[in-house]
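Listed below are the residues making up each chain.
Number of protein chains: 2
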Amino acid sequence: MRVLITAGGTSEKIDDVRSITNHSTGKLGSLIAEAFLTHDVTIDYVTTATTLRPASDKVNIHEIAGTQELADTLQNLLQQQPYDAVIHSMAVSDFTPEKSLSQEDFLTKINQLIARQQPLTAEDLTVLTEDTAAKENKISSNTDHLFLILKKTPKVIQQIKQLQPATILVGFKLLVDVSKEELVDVARHSLIKNQADYVLANDLTSIHHGQHVGYFINKEGTIIGEATSKEAIAQLIVKTLLDTL
Amino acid sequence: MRVLITAGGTSEKIDDVRSITNHSTGKLGSLIAEAFLTHDVTIDYVTTATTLRPASDKVNIHEIAGTQELADTLQNLLQQQPYDAVIHSMAVSDFTPEKSLSQEDFLTKINQLIARQQPLTAEDLTVLTEDTAAKENKISSNTDHLFLILKKTPKVIQQIKQLQPATILVGFKLLVDVSKEELVDVARHSLIKNQADYVLANDLTSIHHGQHVGYFINKEGTIIGEATSKEAIAQLIVKTLLDTL
Chain A
0 MRVLITAGGT SEKIDDVRSI TNHSTGKLGS LIAEAFLTHD VTIDYVTTAT
50 TLRPASDKVN IHEIAGTQEL ADTLQNLLQQ QPYDAVIHSM AVSDFTPEKS
100 LSQEDFLTKI NQLIARQQPL TAEDLTVLTE DTAAKENKIS SNTDHLFLIL
150 KKTPKVIQQI KQLQPATILV GFKLLVDVSK EELVDVARHS LIKNQADYVL
200 ANDLTSIHHG QHVGYFINKE GTIIGEATSK EAIAQLIVKT LLDTL
Chain B
0 MRVLITAGGT SEKIDDVRSI TNHSTGKLGS LIAEAFLTHD VTIDYVTTAT
50 TLRPASDKVN IHEIAGTQEL ADTLQNLLQQ QPYDAVIHSM AVSDFTPEKS
100 LSQEDFLTKI NQLIARQQPL TAEDLTVLTE DTAAKENKIS SNTDHLFLIL
150 KKTPKVIQQI KQLQPATILV GFKLLVDVSK EELVDVARHS LIKNQADYVL
200 ANDLTSIHHG QHVGYFINKE GTIIGEATSK EAIAQLIVKT LLDTL
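Note that the protein sequences, when read in sequence, are chains A and B. Under numbering that gives the first Met the number 0, the first residue of the first sequence carries the number 0, and numbering increases by one thereafter. Under numbering that gives the first Met the number 0, the first residue of the second sequence carries the number 0, and numbering increases by one thereafter.
A couple of the hints might just be wrong.
Copies of the same chain look alike in the list, so a pair counts if it works inside one copy or between any two.
Stated by the list, open to error - Below, simulated DSSO-like cross-link-like pairs (lysine-lysine); rule was C-alpha separation at most 27 Å, straight line:
#1 Lys218 / Lys154
#2 Lys192 / Lys137
#3 Lys12 / Lys154
#4 Lys151 / Lys108
#5 Lys57 / Lys12
#6 Lys26 / Lys160
#7 Lys26 / Lys57
Source of the hints: derived by calculation from the structure; they are not laboratory data.
Same shape as in the complex, but just chain A (with noise of 0.2 Å):
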């Protein structure tokens, strides 16, 4: 048996010294393949320079960074052999900085626009991050406000299915502060958009102090598991899947 599990959160680079991180211990995604370890598998792990990461001779670690360099990343590994399971627990970014301007500058380009006398509509906002000067580096600090334009990410797991339509895809869904109804609502949705086998529905204030709240969905939308740990997740996710294979 050979799966994929992603886990972490991914950072993308606002300039050389700054990032927009997404957070994510791994914790959850350490524990599933600490549950897969325990039967005959192999296991290739995407995951971050700084997340946790289960320790065995049966696991491959893939350091990525950036939603770029995962989508690569799973690319080449869908690519090179077949995987009777993905589990894709990592926190993708779902905005990338594509341009950052001074209040200033800000204000001089928008001033150009307006001077148009025409109200504004979505492809003239590409004056905004039009390259002017050279590349900063380091985003100078002398500017009162800073405008940093991002421009969406492509959706990383929609490409694993494309790539192996025979494998089992398990998808994560998380949100903040919503009703149990809406989050499952919603996690049925990004399975069928993502062409997942299974989603992980969870919310962000059920998870704390060791309690992590999850409902595992199916591809009909039923729910076929609750847990109340990450343990018990991980557990209820290994099984389904094992029992599947």
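Go by the hints and put chain B onto chain A.
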């Protein structure tokens, strides 16, 4: 002898799952603490949850995350007891997120401003950061671009001498890919502005594979020492301070 050391990099929350993080392993701060520990010293050590730290019962750890928390912690400590020296090696965020707008909300607000048919001024930009809807716990990814408006953080280092004029303050200046001349010049200016007694000037491009070039500059603006590794920089700083104290 009692010294206060800050080390690591601050994180500014964008929402409940994302932050802007200043990179810093905290290694240099940790080595400075260790160099002090061979002498009779008590150290207050302000750092973040994920940063390397010295292990000794003569080191009191104070954990912070964001710039405001850092400012509050330093104020408390500096009001409680006198320090012989303060070594402020932490990489502090210059900006903190004030508001995030989807592309759609950004266009709506900008077009309201444009309708007045006057060029925008800095004051107009407050409209962009006004609260409209309820605060979002997790920014929706349902937009092509995200506009993140960041405001300047207060200069934490500048409160140190205000609270303790008699302490010896060591600041740090990190630039990226500039000439030695420019680096030293900018570091000298920061020293004066921050009322520091010494500043360690370094360039990110000369920090790699165990190498770390640093210039140690005194109040008069003279380079009083050069070092090419973190260990040597730590020794240089601590020796200079011990000779002065």
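Exercise. Against the structure, test the hints numbered earlier, and report the numbers of the ones violated in rising order.
Key: Of the numbered hints, just 5 does not hold.
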